[in-house]
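> Below are the chains, spelled out letter by letter.
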Amino acid sequence: AQTVTQSQPEMSVQEAETVTLSCTYDTSESNYYLFWYKQPPSRQMILVIRQEAYKQQNATENRFSVNFQKAAKSFSLKISDSQLGDTAMYFCAFRASNDYKLSFGAGTTVTVRA
Amino acid sequence: NAGVTQTPKFQVLKTGQSMTLQCAQDMNHEYMSWYRQDPGMGLRLIHYSVGAGITDQGEVPNGYNVSRSTTEDFPLRLLSAAPSQTSVYFCASSRAHEKRAWADTQYFGPGTRLTVL
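The listed protein sequences derive, respectively, from chains A and B. Quick note: to get our numbering, add 2 to the position in the first sequence (first position is 1). Quick note: to get our numbering, add 1483 to the position in the second sequence (first position is 1).
Because the hints were derived from the structure by calculation, they are not lab data. There may be inaccurate statements among the hints.
As the list claims (entries may be wrong) - Examples of chain A residues toward chain B, derived with CB under 7 Å:
1) 50
2) 70
3) 72
4) 76
5) 103
Claimed, not checked - FRET-style restraints, in silico, Cβ to Cβ:
6) B:1490 / A:48: 26 to 32 Å
7) B:1539 / A:115: 24 to 30 Å
8) A:13 / B:1542: 41 to 47 Å
9) A:99 / B:1535: 23 to 29 Å
10) B:1600 / A:64: 42 to 48 Å
11) B:1569 / A:74: 36 to 42 Å
12) A:28 / B:1500: 20 to 26 Å
13) B:1488 / A:85: 25 to 31 Å
Cβ coordinates follow ideal geometry from the N, Cα and C atoms, glycine included.
Produce the complete structure using the sequences and hints provided.
What follows is the structure, given as C-alpha cells:
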C-alpha cells in the first residue's frame, strides 16, 4: 500500500509571495504518477498539476510548479505570486501506473493574506 | 456536459437509517469511485468500479455497498447509518483504458455532506 504524507497542516502567505508545500510518499512501485489537487471553500476538487515518475523534468503549470525528487520520494508544490484565489486546501496524491486508485495525503490548508 | 453530479448535496440521517448517495457522469468514463473526506485524513477510497457490473473494495468499505448497472451511474448505499459515517463523500470518474496521467484525469463531483445523529 502507498502512503502519502503532508507534514504541514496549515500555511499562511502574503499576497504576491511564494509558498512551498511539502509531500512525501512511500511506495515500492517503479512507475507511478503524482498529483496536486486544490480544494477551495466550494469543496470542489480541482487538479492543479501532475508529474509522471519516469520524467525527470519538473512539471509547471503557470504559477504552480513542483520539485520532484524521486530518490527522496518527495514531491513539493511551489505557488508563486500567490493570489487570494489560491486560498484552499491542497492535497498531494499518488497513483501507481498499473492502477486507477488514488492515495491522498491529509492536506495542507493555505491561506493567502491581502 | 454536466460532468460528475452528486445528489443530495446535504443529508442528515438518524443512526440506523439507510440511504443512497447518487452519482452520475455523462463522460462515458469506465472508472468510477467513491471517497470519503474526514478532517486530518484526506480522502480515503471506499469502493470503485472499472466498468458496468464490476466493483471492488477500497480502503474503507465497511458499512457501504455499491453496484454498477450502467456506465453512467454508481450509487453508494449506507445500509445502517452510524455516527462514524458522518463525512463528506465524493464521487470521481475517469477513463480507464488509458492510464497515462493526463489521459485519465479523475473528475470529481461536488460532494455530499452527510451527518449521522
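> Indicate, hint by hint, whether the structure satisfies it.
Going through the hints against the structure:
1. Checking residue 50 of chain A against chain B by beta carbon gives a least distance of about 11 Å; that is not within 7 Å, so the hint is violated.
2. With a least beta-carbon distance of about 13 Å to chain B, the hint placing residue 70 of chain A at the interface is violated under the 7 Å criterion.
3. Interface hint status for residue 72 of chain A: violated, as the beta-carbon distance to the closest one in chain B is roughly 15 Å, over 7 Å.
4. For residue 76 of chain A, the interface hint is violated, the least distance from its beta-carbon to any beta-carbon of chain B being 18 Å, above 7 Å.
5. Annotation: interface hint on residue 103 of chain A holds; nearest CB of chain B at approximately 6 Å, less than 7 Å.
6. At about 21 Å, the beta-carbon gap between residue 1490 of chain B and residue 48 of chain A misses the expected band of 26 to 32 Å.
7. Separated by about 44 Å at the C-beta atoms, residue 1539 of chain B and residue 115 of chain A break the suggested range of 24 to 30 Å.
8. A beta carbon spacing of about 27 Å between residue 13 of chain A and residue 1542 of chain B contradicts the range 41 to 47 Å that was offered as a hint.
9. Hint check: residue 99 of chain A to residue 1535 of chain B, Cβ distance near 24 Å, so the stated range 23 to 29 Å holds.
10. A hinted range of 42 to 48 Å holds for the C-beta pair residue 1600 of chain B and residue 64 of chain A, which are about 44 Å apart.
11. Evaluation of the 36 to 42 Å hint for residue 1569 of chain B and residue 74 of chain A yields a pass: the beta carbon distance comes to about 37 Å.
12. Checked against the hint of 20 to 26 Å, the C-beta distance between residue 28 of chain A and residue 1500 of chain B comes to roughly 39 Å, which is inconsistent with it.
13. The hint said 25 to 31 Å for the Cβ distance between residue 1488 of chain B and residue 85 of chain A, and at roughly 29 Å that hint holds.
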